[in-house]
Structures are given as C-alpha cells and as structure tokens.
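> Single-letter residue listing:
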Amino acid sequence: MPSNSDASSRLRRLFLAPSWLVLVSLMVAPLAIVLAYSLLTRSPYGSIGKPWSLDNYSRLADPLYLAIFLRSVWIAAAATLLCLLLGFPLALFISRSGERKNLYLTLVILPFWTSFLIRTYSWMFLLRDTGLINSILLRLGLIHQPLPLLYNYGAVLLGLVYGYLPFAVLPLYATLERLDPSLLEASADLGARPWQTLLRVTLPLAAPGFLAASVLIFIPCLGAYLTPDLLGGGKTVLIGNLINNQFTTARDWPFGSAASLVLMAIVLILLLLGLHRRGEALL
Amino acid sequence: MKRLLALRWLPVYAAGAFAFLYLPLLVLAAFSFNSSKFTVWQGFSLRWYQAAFADTQLSEATANSLIIAFTATILSTAIGAACAYGLWKRTNRTLLGVVYLTLVTPEIVTGVSLLAFFEAFFRYLHARLGLHTVILAHIAFSVAYVVLVVLARLRTLDARLEEAALDLGATPWQAFREVTLPSILPAVVAAALLAFTVSFDDYVITSLVAGVGSETLPMVIYALARRGVNPVLNALSAMIFLGLGALVLISQALTRRAETPGADTK
Numbered sequence: 001m002p003s004n005s006d007a008s009s010r011l012r013r014l015f016l017a018p019s020w021l022v023l024v025s026l027m028v029a030p031l032a033i034v035l036a037y038s039l040l041t042r043s044p045y046g047s048i049g050k051p052w053s054l055d056n057y058s059r060l061a062d063p064l065y066l067a068i069f070l071r072s073v074w075i076a077a078a079a080t081l082l083c084l085l086l087g088f089p090l091a092l093f094i095s096r097s098g099e100r101k102n103l104y105l106t107l108v109i110l111p112f113w114t115s116f117l118i119r120t121y122s123w124m125f126l127l128r129d130t131g132l133i134n135s136i137l138l139r140l141g142l143i144h145q146p147l148p149l150l151y152n153y154g155a156v157l158l159g160l161v162y163g164y165l166p167f168a169v170l171p172l173y174a175t176l177e178r179l180d181p182s183l184l185e186a187s188a189d190l191g192a193r194p195w196q197t198l199l200r201v202t203l204p205l206a207a208p209g210f211l212a213a214s215v216l217i218f219i220p221c222l223g224a225y226l227t228p229d230l231l232g233g234g235k236t237v238l239i240g241n242l243i244n245n246q247f248t249t250a251r252d253w254p255f256g257s258a259a260s261l262v263l264m265a266i267v268l269i270l271l272l273l274g275l276h277r278r279g280e281a282l283l
Numbered sequence: 284m285k286r287l288l289a290l291r292w293l294p295v296y297a298a299g300a301f302a303f304l305y306l307p308l309l310v311l312a313a314f315s316f317n318s319s320k321f322t323v324w325q326g327f328s329l330r331w332y333q334a335a336f337a338d339t340q341l342s343e344a345t346a347n348s349l350i351i352a353f354t355a356t357i358l359s360t361a362i363g364a365a366c367a368y369g370l371w372k373r374t375n376r377t378l379l380g381v382v383y384l385t386l387v388t389p390e391i392v393t394g395v396s397l398l399a400f401f402e403a404f405f406r407y408l409h410a411r412l413g414l415h416t417v418i419l420a421h422i423a424f425s426v427a428y429v430v431l432v433v434l435a436r437l438r439t440l441d442a443r444l445e446e447a448a449l450d451l452g453a454t455p456w457q458a459f460r461e462v463t464l465p466s467i468l469p470a471v472v473a474a475a476l477l478a479f480t481v482s483f484d485d486y487v488i489t490s491l492v493a494g495v496g497s498e499t500l501p502m503v504i505y506a507l508a509r510r511g512v513n514p515v516l517n518a519l520s521a522m523i524f525l526g527l528g529a530l531v532l533i534s535q536a537l538t539r540r541a542e543t544p545g546a547d548t549k
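Note that the protein sequences, when read in sequence, are chains A and B. The first sequence: position 50 = 50 (our numbering), numbered continuously. The second sequence: position 13 = 296 (our numbering), numbered continuously.
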C-alpha cells in the first residue's frame, strides 16, 4: 500500500523534526560557534573579531597550560583505575547474588542519578577543617591541628572516584552477566581453584567491560569541573576550571574556545579508539 | 594472594563498598537533625529544616528550579520520545550520532558553547540570559537521555504488531497511538523522571547560561557550600536527596517492569 507507507514516512519525518531542530540549534550550532571563536582574536577590550589565526591553539602549548592538560589526564587516569579496581569486586558480587541482583544494582544506580552536587558536598562536610573527620580526631585527642583533608588533589581524586564508581560497576556487571557459566564450570572441572578461575577465565573475559568502563569514566573525569572546583578549592586547576575561567573571570572566549575544542578532540579520539560498544548499558 | 582473593570475602567487600557509597550521605542527613551549629552532636532538632523553609532566597530558587525542570522535562520527553520512535524501525546514523555527541560532550563544554551561542544571537535580538535560556539548555542535554531510554524499550518490542495494525487499516498515527505508545509509556515516564532529576540537579551548565536574577537551587547550594559550614545546607541536601531519590526509584521500577518478559502481554 504505497499511500500508507507514504503516510508512515511522513509521520516519521514529523516525529524526527523537533529533535533535529533542538540538537542542531542547541548542540551543533553552539559547538560551531565555539569553533569559530577559537580561530578568532580577542581585542584588548574583550570583544571578539578578526584576524583569523591559530594563536589560541599555539598558546595552549605553553608549558603552563600543557601542565594543566597533563595533570587532568593524570587525575582522570588515576580515578579510572581506582574505579575499576574498586568496582570489579562489587560487580562480581552483584552478578553472583541471584534474586537480589536488581536490589543491589538499584543501590548502585540510585546515588549516581540522584544528585551529583549533594554527593560532592557530602565530602566537603566530612573533609573540611571543621568537618566530621577532623572534629572526631580532635575530640579523641589524636591530632591537635585539623588535618588538611580538603582542597587538594587527593580530595578531587576521592570525589571523582566516589562520583563515577557506578560507571565502573554497571558495564562490568553487564559483561559478567553475559559470561557463559559453562566456561567457569569447565575451568573448575579441570581442577582450577576458584581464584585461578577468576584470574585466568573471568577477568580476561570481562575485558570488554573494563574497556567500556574505562572510556565511560575517563571522559567525564577529564572534563570535570564541579569536583575540582568544590573539593579542590581555588588551588587546583584542571581543564574544566581553565575553560570556565576563560569564559567567566578572564573573559578570553577565543582562548577558552580553543581549550574546549582540544578537550572535545581528546574525548572523540578516545571514543573512536576505545568504544565500539555504546553507552546504553548505563541507562 | 590466595587468601586475599578468596571469594567468600566478596560479601564483606560489597558491604564496605555500599557503605562507601551511602555513609557520606547518611552522615549528612543525620547531622541535619543536630541542634548544634557545629559538627558535634548535641541533640535532636528540626531547627535547620525550619530555617530552610523560612529562607526566601531558597524558596525563590526552588521555585525557579521547579519551573525549569517541569518545562524542560515535558518538552524534552516529548521531543526525545518522538525521536526514539522515529529512529526505531529505520535508524538515522547522523541523528543518532548527534544524540551520542550530546552525551559525551563534557558538561563544561556544553555550558560554554551554549553561553557563546546565546550571547551571539542575543546581541542581535536584544534579549538577555534568564530562565528561558536555562530551559533551552536543559532541553538540549536531556533529550539524549530520553531518546536512549525509550529507544532501548522500543527495541524489545515486536515491530510486526504495528504492521498488523496497518494491514488491518489503521493509519500510521493510529498504529502509533493505539499499539506502540501504550507499551512504551512506562519507559517514557521513566525517561521523564530521569530528565527531571538531571535538570533539577544541574549546576555547571545552568550557572553559565542563567544570567542575573534567575538563580536555581543548585546555584544557591553551590554558593552556600563554598562559603563554609552551614547546617541549613545539610537539611536541604537531605530533602533533595530523598525527593530526587524517590523519582529515580520509581523510574528504575518502571524500566525494570517493562524489561520483564511478559509484563505487557495481555
């Protein structure tokens, strides 16, 4: 029935039109503007105009900014590694817990979706000089001066691991869940001890889960802004803070745009290299 | 090595991991009932809750956040669900690519690019940043979540049911309305709840495009958190976590029920 299939494709176009409009005008066009700004020049008065140049990008090669990028990569890598280390045993536990699986999975997902801001604040409450940990230690007489727990890179790392641990557990759980149990039985039948099976069968087979989790954690950590800002205080500067500063206090939009696009480029290259699987496992 | 990896330690480890995830929040909630201003337990009190409700700045910011979250949720759910349906039977790689692009773009980049976009346009339109720009920004980032949640549900459906309806003389709109929509409705609601949560909690993008005079709740929380110890903030956090947590639980339950085989075969 040609008339019906015509009507079908008309309906489909109608259904897709609003999302095209929203995504092109509010995602693609803004990124295109940032691309244009990154190639333009800031006048001494702060306005943006010609000449076109690559100066903003070459400024990023300055050792000061290179150090910021390297530090961000380092912290994001450390957070990713810690999330994987902490997340794998939890994923393994959940995959083996029978009927309670869904309950445990919900417990992992719940804080992730609920409020990133409040979860970050909860660590400020614990870590600051007048916070819970220091208060307890002071009252016990174990210390006489509050320990500098907050406003350093360690606190940022802790906040990132806390924030993105669910991103490790979910993909790892998904791969463990798909694992063929007969392989584990075969390993046991052939005389492997449980931990040998874990190391030599389960872990290698979970490799796709590790890869997916790494990409999913590394990317948001690399561009993190809120965590370094709140838990790192004014002292820590990562890519996210650098970009935000250029657009707010420093008002050097062309330079901030160049930094944004370099960040985007790193993210997209990593995605192309590492992630064939899509992020649907998270939702 | 052997003992360390012994698998019977797994439940102990899991208990520790869940404690790591939840203890900071539980401690925060417990201290919201502390009568003392300091981080020393003095006795039970609801004074910080009373203070939170009495604060006009907080209630204005909450009202703003609710207006933004409701509007952005309704629009992004409608747009995203329609998009997912359009992509279901015949995918469009470009559109799906842009959906994934919005998910992987770091928040700070989304924020500054929307700021640059609004400022570039508003110079000609003589308009200013405000609640409307926040709503547009929230629609921009939450459509992608809705698309993925609804699309995941659609992919579990049997497309032949719609074809049967079409063969029996239904128009494509009727087939969508009468056959497909009822089965994806739980997923649509689940997606809407997630969109609401993400919108209500956003700070990074919102703070960049909000302009003066349209402060949202996360912006106030951020400012309070930077300023120092504030027990009102503990009370506020406990309430927000409970409220949003309930939405997430409902959303999860709806998604799970839809995934259970046979849940919608009648």
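Think of the hints as simulated: they come from the structure by calculation, not from any bench. From the three backbone atoms N, C-alpha and C, an ideal C-beta is built for every residue, glycine too. Heads up, a few of these hints could be off.
[Stated by the list, open to error] Covered by chain A, according to a simulated footprint, are these stretches of chain B (three or more residues, beta-carbon under 8 Å): (1) 316-329; (2) 342-355; (3) 376-384; (4) 444-457.
[What the hints assert, rightly or not] Calculated from the model, a selection of chain A residues having no Cβ within reach of chain B, i.e. all distances over 10 Å: (5) 89; (6) 109; (7) 142.
> Run every hint past the structure and note whether it holds.
Hint by hint, here is what the structure shows:
1. 316-329: Check passed, 3 qualifying residues.
2. 342-355: Contact hint for the stretch 342-355 of chain B vs chain A: violated, 0 residues under 8 Å.
3. 376-384: Per the Cβ count (5), the hint holds.
4. 444-457: holds (count 4)
5. 89: Residue 89(A) is in fact no farther than 10 Å from some Cβ atom of chain B, at 5 Å.
6. 109: It is violated; residue 109(A) is separated from chain B by about 6 Å at its closest Cβ, not greater than 10 Å.
7. 142: Per Cβ check, residue 142(A) is outside 10 Å of chain B; nearest 16 Å; holds.
Of the numbered hints given earlier, the model fails hints 2, 5, 6; all others are met.
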